[in-house]
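Student: Spelled out, the chains give:
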Amino acid sequence: MKKKIRLKRATRKPGMMPGTLTVDPTWPKPAIQILAYGPDQYLEKRIADIHELDGLIGKYQVLWVNVDGLGDASTIQYLGQLFKLHPLALEDVTSLRQRSKVDDYETNLYTAMKMLSMQDEKLFAEQVSFFLGPNFVLTFQEVEGDCLDPVRERIRKKGGMVCNMNADYLLYSLIDAIIDAYFPVLEAYDVRLEDLEEEILGKPDQATMNLLFSVKHDLTSLRRTLWPVREMAGALAHSESPLISPPTLVYLRDCQDHAVQLLELAESYRETGSSLMDFYLSSISNRMNEIMKVLTIIATIFIPLTFIAGVYGMNFENMPELHTRDGYFVVIGIMAFLGFGMFFWFIHKGWLTPKRKTHRRPQ
Amino acid sequence: MKKKIRLKRATRKPGMMPGTLTVDPTWPKPAIQILAYGPDQYLEKRIADIHELDGLIGKYQVLWVNVDGLGDASTIQYLGQLFKLHPLALEDVTSLRQRSKVDDYETNLYTAMKMLSMQDEKLFAEQVSFFLGPNFVLTFQEVEGDCLDPVRERIRKKGGMVCNMNADYLLYSLIDAIIDAYFPVLEAYDVRLEDLEEEILGKPDQATMNLLFSVKHDLTSLRRTLWPVREMAGALAHSESPLISPPTLVYLRDCQDHAVQLLELAESYRETGSSLMDFYLSSISNRMNEIMKVLTIIATIFIPLTFIAGVYGMNFENMPELHTRDGYFVVIGIMAFLGFGMFFWFIHKGWLTPKRKTHRRPQ
Amino acid sequence: MKKKIRLKRATRKPGMMPGTLTVDPTWPKPAIQILAYGPDQYLEKRIADIHELDGLIGKYQVLWVNVDGLGDASTIQYLGQLFKLHPLALEDVTSLRQRSKVDDYETNLYTAMKMLSMQDEKLFAEQVSFFLGPNFVLTFQEVEGDCLDPVRERIRKKGGMVCNMNADYLLYSLIDAIIDAYFPVLEAYDVRLEDLEEEILGKPDQATMNLLFSVKHDLTSLRRTLWPVREMAGALAHSESPLISPPTLVYLRDCQDHAVQLLELAESYRETGSSLMDFYLSSISNRMNEIMKVLTIIATIFIPLTFIAGVYGMNFENMPELHTRDGYFVVIGIMAFLGFGMFFWFIHKGWLTPKRKTHRRPQ
Amino acid sequence: MKKKIRLKRATRKPGMMPGTLTVDPTWPKPAIQILAYGPDQYLEKRIADIHELDGLIGKYQVLWVNVDGLGDASTIQYLGQLFKLHPLALEDVTSLRQRSKVDDYETNLYTAMKMLSMQDEKLFAEQVSFFLGPNFVLTFQEVEGDCLDPVRERIRKKGGMVCNMNADYLLYSLIDAIIDAYFPVLEAYDVRLEDLEEEILGKPDQATMNLLFSVKHDLTSLRRTLWPVREMAGALAHSESPLISPPTLVYLRDCQDHAVQLLELAESYRETGSSLMDFYLSSISNRMNEIMKVLTIIATIFIPLTFIAGVYGMNFENMPELHTRDGYFVVIGIMAFLGFGMFFWFIHKGWLTPKRKTHRRPQ
Amino acid sequence: MKKKIRLKRATRKPGMMPGTLTVDPTWPKPAIQILAYGPDQYLEKRIADIHELDGLIGKYQVLWVNVDGLGDASTIQYLGQLFKLHPLALEDVTSLRQRSKVDDYETNLYTAMKMLSMQDEKLFAEQVSFFLGPNFVLTFQEVEGDCLDPVRERIRKKGGMVCNMNADYLLYSLIDAIIDAYFPVLEAYDVRLEDLEEEILGKPDQATMNLLFSVKHDLTSLRRTLWPVREMAGALAHSESPLISPPTLVYLRDCQDHAVQLLELAESYRETGSSLMDFYLSSISNRMNEIMKVLTIIATIFIPLTFIAGVYGMNFENMPELHTRDGYFVVIGIMAFLGFGMFFWFIHKGWLTPKRKTHRRPQ
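Protein sequence lines, in the order shown, are assigned to chains L, V, Z, C and Y. For the first sequence, the numbering used here assigns the number 1137 to the initial residue and increments by one for each residue that follows. For the second sequence, the numbering used here assigns the number 1137 to the initial residue and increments by one for each residue that follows. For the third sequence, the numbering used here assigns the number 1137 to the initial residue and increments by one for each residue that follows. For the fourth sequence, the numbering used here assigns the number 1137 to the initial residue and increments by one for each residue that follows. For the fifth sequence, the numbering used here assigns the number 1137 to the initial residue and increments by one for each residue that follows.
One chain only, chain L, in its complex shape (with noise of 0.2 Å):
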């Protein structure tokens, strides 16, 4: 899959008309490629002129048009009318914040969702819109490049069910390899986190906190994410359209299925974020107990102990102690008591036991 770009949503102006396409100048400009087949049918061709498609529609059991690139209105304008579309969903099209969601207009179904990818260990969010009618699927993609190629081939080739079917068996297995698409992503961040359990067992810095912070708050926005694709494909699945057959709801189960796993996942990773962030916290409380000790076993240690050998280092006159034979060594042995006596007591109250080898790991 080509480098993806992260497009600026275009501005829209609060109190616009309904139904107006905010479209920004840099998007890039639509390109369209067309997908038609039937039980003995076949045709792909990349469409430049936009009008080729008029007369193909109703022609082909099945018409896939799928459009790159959402930055030309009038493009979009064009389909909806060729299409019927009715002016809100195209809105929704180019309105890059929706959530994944199923609309029924009757003469066609409307539905939006996320396609996610890693790129360069970043998480990238791209909207897919489908329109489902009788005999054709349109998909709007932001730019080129998706995870489609797999059900292209098997179109190509005539295998699987997909060329005995109609319109609604291509839409979900295009929503089948989006989702499926989401489980490499979703495994990219349990990678992560077994290697952010390793560093916080080992020599946890700020870094390390840096680097959890930024995996939960992608985790976060995945749960957030898939959150409506559950929804969205329950509402697909118990659809009652016309335009979904029976025999493929079975299959929109299945993908409600995976989008509920889905969901699990992202929820269990989170979990393990969280508690991770709980062990690097009380490991840091721990740690710092133990300085803590260091400084006060130390500190208590000697400074009574520099408080004595201050004294015998005033300058009096009288200081009747200097003067005996053995007065250096009884000072000496009485240092020598007292911080022994301390240590000791260290000992007693537990502050000095070895470290427990923590063989036993969190897994």
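Just so you know, the hints here were simulated from the structure itself, not pulled from any lab data. Fair warning: there could be bad hints in the mix.
Put simply, identical chains are the same to the list, so a pair is met inside one copy or across any two.
Taking lysine-lysine and the BS3-like style, the derived pairs with C-alpha atoms no more than 30 Å apart in a straight line are [what the hints assert, rightly or not]:
{"no.": "1", "residue 1": "K1181", "residue 2": "K1165"}
{"no.": "2", "residue 1": "K1220", "residue 2": "K1181"}
{"no.": "3", "residue 1": "K1149", "residue 2": "K1181"}
{"no.": "4", "residue 1": "K1250", "residue 2": "K1485"}
{"no.": "5", "residue 1": "K1429", "residue 2": "K1237"}
{"no.": "6", "residue 1": "K1258", "residue 2": "K1181"}
{"no.": "7", "residue 1": "K1293", "residue 2": "K1485"}
{"no.": "8", "residue 1": "K1429", "residue 2": "K1294"}
{"no.": "9", "residue 1": "K1237", "residue 2": "K1485"}
{"no.": "10", "residue 1": "K1258", "residue 2": "K1237"}
{"no.": "11", "residue 1": "K1293", "residue 2": "K1149"}
{"no.": "12", "residue 1": "K1220", "residue 2": "K1149"}
These numbers were taken from a predicted model, which means no experiment stands behind them.
Guided by the hints, dock chains V, Z, C and Y onto chain L, whose structure is given.
Tutor: Then chains V, Z, C and Y, alone, in the frame of chain L:
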């Protein structure tokens, strides 16, 4: 939009008769504008004498009466009689504590919602009330200045569908404009959170935290404002009132979608805020740890050495070491040995490993 | 409203016969007032002998019997027989642990709720029980003094609709008056939270925290009180009992709206309280950090210098440096160099940057 | 009530045949008492030989068979055959892990619940099973001793309605008695929380915290016990079984109210516990802060002074200050100036303001 | 049960054709055993050639085909054709990420669930798939070894009802056996939590915390495993499929009860884990506090005294005190006074009160 002021909430005496209008004398006096139109009709004027309204009702396909300012109970009462509004709905107009809601009074529909704006970096919420009747929309605002000018412009220019549709579509257009105006407000908080994140990754201090608390607080109250907006939009989109026609319902459903998006945005920013807070606190924790380490290393190395120096600073007469030729150098040697010994012990314990560059940062 | 006292809850022996009235002997004895009215009727008097009531039932359009004090089981029992109340409902009247609720006993409707007031900065909750019959309302309060005087006044002055409506509207008016009286209580907490915020931004201490805990605790119990009030108001507003007429239902729905507003206010203050708590704790954390920094800077600069001074305070005979001409000045120079070196190192580490003015404060 | 013992749970081998009774040999052997009554009938006796029961079924309006002790599988099996109980229900009787629940087996109704008591400050939960048939109630308890004596007393004295009603009213009376007995248990925790609060406001230590944890733990498990009790009471109160007559349903609804009250009490105590915990932790934090301040003030004032003293304690030959007449007094003066300077700096920083009296305490 | 291994999850290429079996080559090859029985029939054998199965279908009242190992796609595919299974169900058999669930494919019922066991103190979860047809049950396990032997034994011995009932009762027996086997797993965690509690009350260290984190993590994932098990059991117990007869539904409801109990146990252990964690952290906090107190007491007493000693260790020529007769003793006296003064001040502040014996411990 001109500078707005926050109105004092009128104090309502407990046990007041239901339907009593509680109006604060400091509130602006009502200023009334009308906009009446139909496919071939158009009238726009400011109403100086409220009785000018009497003859206008029913003469136009749609009559929009907008009242800015709630500071005169008798005007509101008069409008209530003119448009046959329920006293409880009128009471709600002047009670500035309303949650967004829809009340169906059969002959008309009462809708309350909050209009948000940012003024001098502060969130400003103004209550707007709508009454929808068979051929009128009556709106009440706290003060002059609103985000509805694009709708007015469209009516004046006979742009869009608004001139060919009934009052229900006008209600939709107004609510849609107000909901659209929430997006820039939320985006302002997004920008602030990004600034805060940068500060926290750099040199956070108490001021950063104060600001973060204030942003979190605002987002929490935004969420509390948006929650009933979503309910209200849902109630309108699924309304069974004969005052709302099926084509308008499709548009209201789009409104509901936007309200859901807003709520998710607010939720997501709030989570980012919490996550930044945790990040800030764990940074503080980390830094405290580092400070403690510096203190402990210095104190632990030098306190024992100072003790040794103190011992040989004692003035006992009989201290044999003092009189040896190399005593001083031996003691200096022992001190150096001890000092470096502890230093290397700290290196061994990993207290002195250089900080890893935090080239990875949360996104 | 006169000073109220908190009643001891009567101890109920487990396994007591259902319907047993558990009355504590220290409770005030019942004092009964009646207010009977209709469009052309009016009677208000204090009842000394309970049998005065016998003849009054059914003679007036609405008969309101108010009982202040539950300290006499036989009076309550007698009223129960007179108005044909279910023994379980009577038991609930004297069990002061009731959640707000509505019980439909077909011939009458039992409603329990809490009446709140602030006395000497303390929250005071009193249980009020209502029985609604075809032409009577019977209310039980723990002690004298309530917030229902505005309703009494309206009846006396024949103001508002109350005199033309039936007993159900009286029930609504009473409940509405009690719910209205919740608002000033909640606002008192709002004021306290604002005071606390100021203290926390200024010089917070243990007393601030104690107060904050107490406010949070009160708000939590307020929320627990308000939750069932909302349910109760909802149950009344959607009641299918023939005792409540449809016009009154519209008013009860307004009550329900107020209950929802109250719950949201309580929730919002509680969140503000939690947020202040977090703010307080993170301030403490910050301050500890600053204290540690001061300690560390002073100790880290002077401990090594003191060690050097200690070395040259040793009394060895053979210490060549002591006898050089400039030894003292060289050592002083080295000390100054070391001291300032560490000082600038701390500046470099950012431990000594001046505090930014916290001109931005949470709102 | 005599001293109870906690029974060992019988180990159930995974994969055992459904309906197998798992009985631990250390459990007390069953002791059977019957209480049979009707408006004009009364029989109470201890059953030595289980076959005595055969003739009694159906002869009395209500037959209550109470079994204390589950230590003999054959007795339970025999009772199961006699009263035509489902094997799965019998299995539940001996499986001491049951949540409170109601199972409707058409010819009879199985209800399980926990009977709580406090023994030596410890929470004790015993499983009680009820079978309700057309004219019998069969109860199983783990050990002898229960809170049902008031019900027995009422039957013996023909007090209350119990003697005129059917078996369903007896079931209600028993469940009501058990639920009533929860209140004193919860109140015991209320008392403990108040004691703990006082300790925490005074001189909290590790023992306080241990106790607080133990109370919180108990309250959490109480809540877990009460949750299904509420469900069970609700299921009974809305049961459609012909075994429960409508008048009894009204009483069972009262039971459900009590269960809801209990759950709210437990919830409220649990929140108080959490709040005390937070309070305790923030006190610790505050106190640590104060300790650090004392340490820092002392160390910061005296460490630099000691350094100065150390400098003039050095033994260099050429130290001109030592030989001046007023050197000593000048140095002492400088020291005093420095010391007081730092002291006033700390006062200026607010580290030495006297503690405010915490006359306000959490309630 | 023999030692199990954790299987690598087969990587599923995104966009794969739906119904594709993804089988990892390292998985064990399928080993098939059959157990066919009826009231008068019995056959048990290992199947070497898969075609042996062809003739057996329909000949016995119940045919149980158990497949251990999923390492050969063609075998699974063949079984799918033989028993007329849906390709999506077969795909689920090999996708080891299934949540427990029930899918109704009309001619058969697909059930997936996890079989848990503890091996070397580690939690081991294996996916088991069940297909229920009119007279067969087909089970797929990841590896050999299961907890179903008691069921096999009962069939062999014609014990219990299993031999007189249809395939649905066999399905129940198998699921019941697997759910029963969850209890010992959960109890193992109960034991570990008790051990951990003892450690935390004694001498907790980093290793304790690591273990606690690992236990909490396991309990969280157990809960995540059990949640869908409960749903699955509920779906079976309320299934409307004709494949499950009403008497079996009663038994399945018992299964559902057990699943709910398991979930509550897991929840309760998880809460205990969290509570132990909090307890541990607050112990650390307490201990840190105590360490700080020791350090502060020692430093605060001796640092000023050392300063005084340092002053009289200065070598100024003109220090009058040095030459007085009792100077030394006066200074020593002052030091003692200061030292004890501070000591008693600390006692007064309560920093030196002896630790109360923590005879009360959390239960």
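Student: Which holds for K1293 with K1485 at a C-alpha limit of 30 Å: within a copy, between copies, both or neither?
Tutor: This pair counts as neither: shortest intra-copy Cα distance 77 Å, inter-copy 63 Å.
Student: Are the CA atoms of K1220 and K1149 at most 30 Å apart within a copy, between copies, both, or neither?
Tutor: For K1220 and K1149, only the intra-copy Cα distance (26 Å) is at most 30 Å; the inter-copy one is 36 Å.
Student: What label fits K1250 with K1485 when the C-alpha limit is 30 Å: within, between, both, or neither?
Tutor: neither (59 Å within a copy, 45 Å between copies)
Student: Please sort K1149 with K1181 into within, between, both or neither, judging by C-alpha distance up to 30 Å.
Tutor: between (37 Å within a copy, 26 Å between copies)
Student: If the cutoff is 30 Å on CA atoms, where do K1220 and K1181 land: within, between, both or neither? Let me know, please.
Tutor: within (23 Å within a copy, 40 Å between copies)
Student: How would you label the pair K1258, K1237 (within, between, both, or neither) given a Cα cut-off of 30 Å?
Tutor: Only inside one copy: K1258 and K1237 sit 25 Å apart there, 34 Å across copies, limit 30 Å.
Student: Is the C-alpha distance from K1429 to K1237 at most 30 Å within one copy, between copies, in both cases, or in neither?
Tutor: neither (57 Å within a copy, 53 Å between copies)
Student: Up to 30 Å between alpha-carbons, please classify K1429 paired with K1294: within, between, both or neither.
Tutor: neither (73 Å within a copy, 68 Å between copies)
Student: Reference check for the pair K1237 and K1485, CA-CA at most 30 Å: within, between, both, or neither?
Tutor: neither (63 Å within a copy, 51 Å between copies)
Student: If the cut is 30 Å between Cα atoms, do K1258 and K1181 qualify within a copy, between copies, both or neither?
Tutor: Answer is neither: 33 Å inside a copy and 55 Å across each miss the 30 Å cutoff.
Student: One pair to classify: K1181 and K1165, alpha carbons no more than 30 Å apart. Within, between, both, or neither?
Tutor: Result: close within a single copy only, 18 Å intra versus 45 Å inter.
Student: Using 30 Å as the alpha carbon limit, work out where K1293 and K1149 are close: within a copy, between copies, both or neither.
Tutor: between (47 Å within a copy, 18 Å between copies)
The earlier numbered hints that this structure contradicts are 4, 5, 6, 7, 8 and 9.
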